[in-house]
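Taken in order, these protein sequences are the chains called B and A.
Just so you know, my numbering puts 217 at position 217 of the first sequence, and the rest follows in order with no gaps.
Just so you know, my numbering puts 96 at position 96 of the second sequence, and the rest follows in order with no gaps.
These are computed hints drawn from the structure, not numbers from a lab.
Just so you know, not all the hints are guaranteed correct.
[Unchecked claim] Chain A stretches covered by chain B per the calculated footprint, using a threshold of three residues with CB under 8 Å from any CB of chain B: (1) 201 to 215; (2) 218 to 232; (3) 314 to 325.
[Said to hold, decoys possible] Counterexamples of contact, computed for chain B against chain A with all Cβ distances above 12 Å: (4) F13; (5) E90; (6) Q269.
Cβ coordinates follow ideal geometry from the N, Cα and C atoms, glycine included.
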Amino acid sequence: MSLLEVKDLHTSFRTDDGIVRAVEGVSFEVEKGQTLGIVGESGSGKSVTCLTIMGLNPSRNTISTGEALWKGKNLLTAKPRELREIRGSEISMIFQDPMTSLNPVHTIGRQLIEAIQLHRDLTKRAAHARARELLKAVGIPKADARMDDYPHQFSGGMRQRVMIAMALINDPDLLIADEPTTALDVTTQAQILTLMKRLQEEFGSAVLIITHDLGVVAETADDVLVMYAANVVEQASVDDLFNRPQHPYTWGLMGSLPRLEADLERLTQIPGQPPSLLRPPAGCRFHPRCPHVMEVCKTTVPPLAPSERDPAHLQACHLDQETKDREAAKLLEITMAGAG
Amino acid sequence: MFRYLVRRLLWAVLLFIVVTFVTFVIFFMAPVAPERLVCGGDQAKPQCMRAAIKRLGLNHPVYYQYGLFLKRLVLERSLGHSFTTRQDVNHIVGQAAPVTASLVLGGAILWLGIGLLVGIFSALRPRSLLDRAGMVFVLIGVSAHPVWIGLIFSYFFGYKLRNFPIHTPIAGYAHIFNAPPGQPGGVAQWAYHLILPWCTFAILFAALYARMIRANVMETMNEDFVRTARAKGAPEGRVLRSHVLRNALLPVVTMLGMDIGLALGGAIFTETVYNLPGLGNTAILAVSNYDLAVVQGVVIFATLSIIVFNLLVDVLYAWVDPRIRLT
Chain B
1 MSLLEVKDLH TSFRTDDGIV RAVEGVSFEV EKGQTLGIVG ESGSGKSVTC
51 LTIMGLNPSR NTISTGEALW KGKNLLTAKP RELREIRGSE ISMIFQDPMT
101 SLNPVHTIGR QLIEAIQLHR DLTKRAAHAR ARELLKAVGI PKADARMDDY
151 PHQFSGGMRQ RVMIAMALIN DPDLLIADEP TTALDVTTQA QILTLMKRLQ
201 EEFGSAVLII THDLGVVAET ADDVLVMYAA NVVEQASVDD LFNRPQHPYT
251 WGLMGSLPRL EADLERLTQI PGQPPSLLRP PAGCRFHPRC PHVMEVCKTT
301 VPPLAPSERD PAHLQACHLD QETKDREAAK LLEITMAGAG
Chain A
1 MFRYLVRRLL WAVLLFIVVT FVTFVIFFMA PVAPERLVCG GDQAKPQCMR
51 AAIKRLGLNH PVYYQYGLFL KRLVLERSLG HSFTTRQDVN HIVGQAAPVT
101 ASLVLGGAIL WLGIGLLVGI FSALRPRSLL DRAGMVFVLI GVSAHPVWIG
151 LIFSYFFGYK LRNFPIHTPI AGYAHIFNAP PGQPGGVAQW AYHLILPWCT
201 FAILFAALYA RMIRANVMET MNEDFVRTAR AKGAPEGRVL RSHVLRNALL
251 PVVTMLGMDI GLALGGAIFT ETVYNLPGLG NTAILAVSNY DLAVVQGVVI
301 FATLSIIVFN LLVDVLYAWV DPRIRLT
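With the rest of the complex left out, here is chain A:
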């Protein structure tokens, strides 16, 4: 177990270096001069651009700049400063990460709940009306684009139903702690602002999970050990809980960990359509400004979350499935 963790950690370091280096290389391959954008685009003044090149270290070769970036990261634990706003990138990512985390974790609870409910009940009564309705939901869920869903939700809940109590905010984010003065804050406002984003974000995953869980449960119901449990005289409820679901839901652990890890890097569509200041929005803004430091900051956060969640999944899986041993 210890050796396993050490090996995984070494792999994570290697992966981290590869991902950040590739980000660097791609950035410098784009035919754009970052210093020009920093100084206001077409009207950029030469002395401003010269100063920017010096400040950002753009006169050095790529590998040297990458070395500097690594050195700063390791020694000062700093992601550097934004090319355009000169803000500390640690601070920018630190501001955006809780927004994305709120969206993703709340969304995950929602999609898992819906996926389990629809998946299990559809599997128990295949071809029934409930099953058909569930599968229609799945088809819509996997087909509808989050931006479209977001716009439709905004139109109905934010505009058409604005005189009803179910009217919900359609943009912005409310902090739980330390809300800026003059803005709504606290848990209630936080959840209230996230209702529509959660639903929008969860629909696709809920559909995918419902379909997978339905298939897994139906397959497990035909397993020999389920027949053994019935032959022992176990009541249906117990057969379902202790024998069917316990096995059918094993792959869900893997999927959930990987999906959450991936989504924590930024739920771009949902964040954009509801104007949430999360990592996805931050990344889009940074890319269009050629702000390497901020892009790199988001990439690092996303990479770390994927690495951490994958590790978590592996350890958790070894715990729930006795056939797996970490070596």
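Only chain B is shown next, with the shape it has when bound in the complex:
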């Protein structure tokens, strides 16, 4: 049995303008100790997917259907109390913006200790010791002294380390990281990613990492889910995805990665805007922006199906296999040329 098994997850929000379907039919599994990456543009539904699993969407005006089985128990129908016991102890979460994710009026020591004492019957002293231990583990210098400092006395990178310490403090089986490096500068990003990888090995947690940065996925993930406009458009192991991408949207994402070596005037981009989830386009949702668009794309939704070359590689595109292979090869060539 997988640790986490998400089946046909749908989440929609009732708004004044109508119903926004933020996630439609997402399925995936996370195995013990494994890392799954979810990639996509802003508003593609990747964060909502995780918040739904955690039960952190505002309860009013949110409708979720499908299943999110955690060790066999459906989190979507779990009682608030059961969910609370899982949150922070078995599944924990790191958020995008470390500058606002910590309570400004409590010391970080107090916030770390709160995380422990919510789930474990430890004395104040033992909890304090555990909190210090974690601060040291995430590489905060003078951890003992910094327990009594407030969040505003830390830099962004240091705050994200505190968030990671807080997430790992109860030895979770799954760590959900929602764009953990997006708000950090590039050198800090690399440090945080390295730290997360090291700690994942140390703590043996599975990781679900959400990002819009393919580089982050390439560095950390074992499997990747590509999301576009509330749907999964491609799902594969990280090697397969980077070597044989099967979906025009994935090609667009890879093509738009900035390359220092390539002598290009401008960055390549995917034309157009992500569609409105209030009134998504008919057929394939990517068709208005797709350079390979065909008549069938405008009317029929392509199912997420195994690719002809590899049954483990799922993709949702009407294009024939030859075109896909050709485009993937072309993309790979450019990448290689850039790297060489």
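Got chain B; can you put chain A on it based on the hints?
The following block gives chain A in isolation, referenced to the frame of chain B:
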């Protein structure tokens, strides 16, 4: 911290001088002869007026009179004597201040209580019936004038319901200590006489506070750190107390301090409608009599209370919000 306090104190002295001087200047710019009013208005006798001018020092230039006032204040700690009744102004302010303080402090507890209750519950269930009812209360509270509320309260509680146990006094003040002989005194009578004034005075502020607290709580509920607390597995009650309210109520500290400081100078409308002998009533009477000494006395008390409460707020804020450092 010490340097901060010294600097604030120096500012307070400067502010004090400016406020009292402006009061002086405005007083002498009014086209009225105080000596005539002191001696009975139109029928004032010339020798009475001459004596009054001499007694009050009105023959000296304004700056000289101001200097005298400052000298008396600093050396003798005296606010002088009333132009009309010749009573010691220290005594007049000392009599009126406890009345206003009783009204304002009791009112503040009431308005804070109502504001917190309505604000927090409205924020927890936005658009619910409770929230709508709360916001109707806010609209009425900010729209209705205290004098009108006072009259309505007096009419119902003092007149219509006079045969019921909830009948309450509609005028006057009962001292807690040393009530004059023949008048009601003691804590029970004091509170009994202040029930209607408290309610009248508190409604406007309760409405303003409810609205502000509701907005603050709703905004704080959407903060990332509140989501972090939920993600840690904290129960809703704890999330609300330790994370939401602790942050949402920070601005209330500032507002409360400033409002109390301001109101201590005299809650004019409420005092007038219930005939409470507080600072507001005293000031109105003094202004209409052109009694500079008493006006100045009330102004000084009001200025001091604002200065003290603002300082208190700053120190308190640095204590409750770790991001603030007094330097």
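Hints the structure fails to honour = 1 and 5
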